[in-house]
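**Student:** Here's the letter readout for the chains.
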Amino acid sequence: MSELSIGSFQLPLAAVLVFGLLAAASALAVHKTAAVYHDGLRTSVPELWLNQRPRVDLAKYSYAIGIGFVLAYALPYSLATGIMVIHIILLSSDVLGLWFQRTWTVLAASFAFGAVATVVIAAAAFGMQHLPDYEGALQAMFAPVAATFPFLVAVAIAHQFGVRWGVAAAVLTLAVWRILETALTGSDHSLSAKSGALTLGLMTLGLVASAFTGPRTPAVGDQLYAEGVKRVHRHWPYLVLPPVLITVAASQGWLAGEPLQLVLLAVGSHEAAAAVAFYSVVAFIPLIAMSSTVSGVWNQDGYPDWYLGAGYLVREPVGAVAAGLALVAVELGSLRRVMHLLMTRPRLHGIGSAARDALDVVPGVSILAGAVVAASGLGGVIGAGIVVVMYAFNEAKGRPIMPMAVPVFGFLLVALTSDALQTLGLG
Amino acid sequence: MITIAVCGMGKEQIARAVRSAADGRATVEVKSDFEAASAVSQGVADYYIGACQSGAGGALAIATAILGADRVTRLSGVGIPTATPETIIEALESGRVAFGVAHSHIDQAVPNLVEAILKRIEP
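These protein sequence lines are chains A and B, in that order.
Residue numbers 1 to 427, in this note's numbering, belong to the letters of the first sequence in order.
Residue numbers 1 to 123, in this note's numbering, belong to the letters of the second sequence in order.
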């Protein structure tokens, strides 16, 4: 495979091409108002064809609600590992697809953005990875996240059904985890078992949802979403390429759905990352399906993050293309049924919301713990102190940076400072 | 007494913030986003407060779908300052009934919003 090579820095040209194409295909879908990635933008897009809002105004809004996710959420994780977080590409595509009036300008600008972002992130991560003791420290930072993700379901259950049920689910998670670890002798114990535990946990969550323990709302017809579903279906030509490219990029380990999946990829557990990706589907289906079908504007990433999850599991490009195409067909073909289910089973919304809460809580606490330990390894008590103080200052200032990103920024600062001090003979 | 339906990321935290600010002058109902928006739409609740990472996505997507874009507004988000009491009053005056806040700004944004709502109905 051809590579972009400067000294010892090497980057597959295929990665540059895939991310350029993903950004371009995604921005094209946005430009044609077929899809947008940000959930908060989606329901505002119809204002364009209703002539209630100019395109540039919506582009500015898209930038305002998306930039925080790019700079203060996804970027530090990508800089630390070289793995692209999907928000960087798709949220930027939202802005570029809305900003430019001409289709060719959209395609050129977004392709250039995707390609340049890939090179910049890979180069920055390459630089970080050559700092002394960096790789070991990075693994130390990620270790608590990799050890706690199976409890996502238990935390979600606690949010939705109360602490008592959450504790019961946590005990069940531990029990299943232990059983799987015992059963999987001779292989990579912990990660396989964790993946199995989460998979089983997902099944538990699915059972809770599908067991329909909550009240059932009578079907009221499909007036709310029928037109939206038709509009999504009419725009299918714009909705095929982005998911396929997402699946391919994930199959090569280049792309992650959010920081938790990225961490699991970075520690080498593709199965665990896939389990989290499929958990995310439970979390986001109500939000994506509802906002998309009432607006008629789909999401380039479909039901987040099942294309990524499929890619993590397939791990080769031809199979990834086939998997991506199959999932697109299932996704678009089942829209009406999914909406009917969501309209008649309101508890699915609550479960989705609780699952999203858990996606914030579990990795957030774990990455802080990991960053303190890792920074301590690099910079002693001062290193640990820098991470803690940065986190505390961010809290005191009303959290201008998302709490999950602060420990990673702190860790990167400690790594760079520690290297600079050693170079100057002061470390 | 007014009813405020709360939902989204950290909904219990929003409920606590509303109860604390309202001091018995408002009823709080913790719901899913779909149920909360439907409650406002059906007149069962008077206001909607939702939260998510950005204050615009999960917080407001369903509310926008059910209530319409002209009845919702975002009060805070990552990297932008929380809405001032004056901005909140303007939003209420213009008929907004559903409000999105960033999860990380709940404790700053919700008390201001509740005070503005109560001031408006209890001059």
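It is worth saying that the hints were derived from the structure and are not from the lab.
A couple of the hints might just be wrong.
Simulated crosslink set (SDA-like; lysine to any residue; CA at most 20 Å straight-line) [claimed, not checked]: (1) K32/A to E227/A; (2) K397/A to A26/B; (3) K397/A to K119/B; (4) K32/A to W104/A; (5) K119/B to V97/B; (6) K60/A to K119/B; (7) K397/A to D70/B; (8) K397/A to G24/B; (9) K397/A to D23/B; (10) K32/A to R337/A; (11) K60/A to N112/B; (12) K119/B to Q42/B; (13) K397/A to V97/B; (14) K230/A to K60/A; (15) K397/A to P111/B; (16) K60/A to P81/B; (17) K397/A to L118/B; (18) K60/A to E227/A; (19) K397/A to A69/B; (20) K60/A to T82/B; (21) K119/B to E35/B; (22) K32/A to A125/A.
**Student:** So, for every hint listed, does it hold in this structure?
**Tutor:** Consistency of the hints with the structure:
Distance check on the hinted pair: K32/A and E227/A sit about 17 Å apart at the alpha-carbon level, within 20 Å; holds. Pair hint K397/A plus A26/B does not hold up; C-alpha atoms about 29 Å apart against a cutoff of 20 Å. Proposed proximity of K397/A and K119/B is contradicted: the alpha carbons are some 27 Å apart, above 20 Å. Distance restraint check for K32/A and W104/A: the Cα-Cα separation of roughly 12 Å lies within the 20 Å cut-off, and the hinted pair is therefore satisfied.
Between the alpha carbons of K119/B and V97/B the distance comes to roughly 15 Å, so the proposed pair stays at or under 20 Å and holds. For a cut-off of 20 Å, the pair hint linking K60/A to K119/B is broken: about 33 Å separates their Cα positions. For a cut-off of 20 Å, the pair hint linking K397/A to D70/B is broken: about 31 Å separates their Cα positions. Distance check on the hinted pair: K397/A and G24/B sit about 30 Å apart at the alpha-carbon level, beyond 20 Å; violated.
For the hint pairing K397/A with D23/B, the CA-to-CA distance comes to about 26 Å; that exceeds 20 Å, so the pair is violated. Between K32/A and R337/A, the direct Cα distance comes to roughly 26 Å. Violation of the 20 Å bound is thereby established for this hinted pair. Note on K60/A and N112/B: the hinted pairing is violated, with a Cα-Cα distance of about 26 Å set against a maximum of 20 Å. Straight-line distance between C-alpha atoms of K119/B and Q42/B comes to about 24 Å, which puts the hinted pair past the 20 Å bound.
Note on K397/A and V97/B: the hinted pairing is violated, with a Cα-Cα distance of about 28 Å set against a maximum of 20 Å. For the hint pairing K230/A with K60/A, the CA-to-CA distance comes to about 28 Å; that exceeds 20 Å, so the pair is violated. About 17 Å separates the Cα atoms of K397/A and P111/B, which keeps this hinted pair within 20 Å; it holds. Of the pairs offered as hints, the one joining K60/A and P81/B holds, with about 16 Å between alpha carbons and a cut-off of 20 Å not exceeded.
Under the criterion of a C-alpha separation no larger than 20 Å, the hint pairing K397/A with L118/B is inconsistent with the structure, at around 27 Å. At most 20 Å may separate the alpha-carbon atoms for a hinted pair to count; K60/A and E227/A exceed this at roughly 27 Å. Among the hinted pairs, K397/A with A69/B is inconsistent with the structure: their alpha-carbon atoms are about 30 Å apart, more than 20 Å. Between K60/A and T82/B the CA atoms are separated by roughly 18 Å; this keeps the pair inside 20 Å, and the hint holds.
Among the hinted pairs, K119/B with E35/B is inconsistent with the structure: their alpha-carbon atoms are about 26 Å apart, more than 20 Å. A threshold of 20 Å between alpha carbons decides the hint, and for K32/A with A125/A the separation of about 34 Å lies outside it, so the pair is violated.
When each numbered hint is compared with the structure, violations occur for hints 2, 3, 6, 7, 8, 9, 10, 11, 12, 13, 14, 17, 18, 19, 21, 22.
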